[in-house]
Amino acid sequence: MTIDPTTLTIKLAHDALRNKEYSAVALAEAVLAHAEKENPTINAYVEVFDDVRESAKHADTLLASGKGSDLTGIPLGIKDNMLIKGKIASSGSGILKNYRAVYDATVIAKLKEAGAVLIGRTNMDEFAMGGSTETGIAGPTKNPIDPTRVPGGSSGGSAAAVAMGGALGALGSDTGGSIRQPASFCGIVGMKPTYGAVSRYGLMSMASSLDQIGPFAKTVEDAEMLYRAIAGHDPMDSTSVPENNPLRAAVAKKDKLTIGIPESFIALDGLDADVRENFRAIIAALKDEGHTIKTVELPSLPYALSVYYVIMPAEVSANLARYDGIRYGLSVPADKLMQVYMESRGQGFGKEVRRRILMGTYVLSAGYYDAYYNKAIAVRRMIVREFTRAFAEVDVIATPTAPSPAWKIGAKISDPLAMYLEDIFTVPANIAGLPGISVPAGTVVRDGSTLPVGIQFMAAPFHEDMLFAAGKSVEQSRKGA
Amino acid sequence: MLKKEDIEHLATLARIAVSDEEKEPFAAQIDSVLGYVSELNKVVTLEESAPEAGELRNVMREDEAPYVGGEFTTAIIANAPYKEDGYVKVGQIF
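Listed in order, the protein sequences are those of chains A and B. Following our numbering, the numbering of the first sequence begins with 23 at its first residue and continues without gaps. Following our numbering, the numbering of the second sequence begins with 65 at its first residue and continues without gaps.
Hints are supplied without guarantee of correctness; some may be wrong.
Unchecked claim - What follows is a list of derived Cβ distance ranges for each label pair:
(1) R411(A) to R121(B): 21 to 31 Å
(2) T472(A) to M65(B): 35 to 45 Å
(3) A393(A) to R125(B): 22 to 32 Å
To be verified - Output of the computed footprint for chain B on chain A, the stretches with three or more beta carbons under 8 Å from beta carbons of chain B:
(4) 337 to 350
(5) 390 to 401
Treat the hints as calculated values from the structure; they're not laboratory data. Ideal Cβ positions, reconstructed from N, Cα and C, are used throughout, including at glycine.
The following block holds chain A by itself, in its conformation from the complex (with noise of 0.2 Å):
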């Protein structure tokens, strides 16, 4: 039986393993021969572990004893940020290189427990800081549909290890669309769960307020069940949501949704011409789906990416205080502890990691906290309740994920505003804790180029089905073309 990891879902994979039609061990072999054709071209992953035919065989032996999961024996890859006891983790930064992880984050713990087979470190935005993954100390990732674009990013290593066919499915984080707009950029599903869902025990901090790790995958289906795999409450989390909190409340599952779009912001300038028409058709193919459409009003959602790059430089400037050359990573000898922290951190950080932690530093600076700072707060807030009361009308929103398709490798790195703008779209999941999937829907033209672009749902709080229903529409509503 031969595997083409290209095509092959976990699902699929799944299936073939509990019926013995191949082994884990078989099925990694494929995927390691794939990854390492494809890797030298793509570079998805900054390092391929040296033990995968290990833990293949450890999956095969629970699969045998009829102990396996859904995941037991799929090959994943994992974002360079989430600890892997014994393994390097650089978060494709300098100041981290040779850092290795100490303990292993709760969604490795999970995935092992699993049984799953951890391919290698995906590559990645330094410090998770970007929207094309060419930042990295690795070096930037192309894109599988068209090498001489960016994959997206800042898990862009992660996005292009699955659509490259070097992993089933793939783990990366999302602080303002980290895993939504790879996805989409790269022709495959990613979903960020609800703030407080998934553990980020391990994950190495960028924006606190705003991190949650999620799954990448080719379907909704196998997203779901990476998704399944990871989420659950975690005391070593204190953000994580313990599972009796109203909250988590039980949602009646539905299939036929009604589904709010916010008109006056999808008109905004700045959205790919062809990129709304596809929007307007894949809504229109949901409505003969028999879904339910409505227009919302979130009159604020304009402002969403302004309080993100006001919040989120703010907290990064925090928690990457923690890189100061003294206890791990990069240490540069000098005289003076004050210089050894200085050219630790310069020579350590790269350019758009400074870039932000000096932005951070400003924004809540004496003086400037309550014009900058404390204003993101407030409309912050304004947001969240324009989200809670478009909520009570419909099961939920769509946008396009992105404004435009991949862009070329270059393109946009010296302009850190332009590169911010691609956000637009799904920065306010990140700021108002809302779950959000992207999922392949259609395509555009550049430059003689065919490239995917996605459609991006969010629901309220802990409502992740109803994100899997949406997308399960979409895949049913595309087959065929």
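Fit chain B to the given chain A structure using the hints.
Only chain B this time, still in chain A's reference frame:
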């Protein structure tokens, strides 16, 4: 407008050495982002609202030892740039 001296001040606060040739581009780039986000000043915001149901506050754990003493010591010290006899070695502070 941010000036070179503002970047120097922020760099000192943030403990990040910034080279001379980077100061002006940084000032211009940060200025353009601050210009964009200053649209927030136009928004009329309401008074602070009460905490919402389900919000997590004051999450504590039991006051007991969560780890076996020494469990992670070797691995943690192995990551330290300078070490001696199982301790992280640091320079003189004053």
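Against the structure, the hints:
1. R411(A) and R121(B) have their C-beta atoms about 23 Å apart, which keeps the hinted 21 to 31 Å range intact.
2. Distance hint check: the CB atoms of T472(A) and M65(B) are about 44 Å apart, consistent with the given range 35 to 45 Å.
3. At about 37 Å, the beta-carbon gap between A393(A) and R125(B) misses the expected band of 22 to 32 Å.
4. Given a C-beta distance limit of less than 8 Å, the hint that chain B covers the segment 337 to 350 of chain A holds, as 7 residues qualify and 3 suffice.
5. Judged by the Cβ-Cβ criterion of 8 Å, the segment 390 to 401 of chain A is covered by chain B as claimed, because 6 of its residues qualify and three suffice.
Going down the numbered hints, you'll see the structure goes against just number 3.
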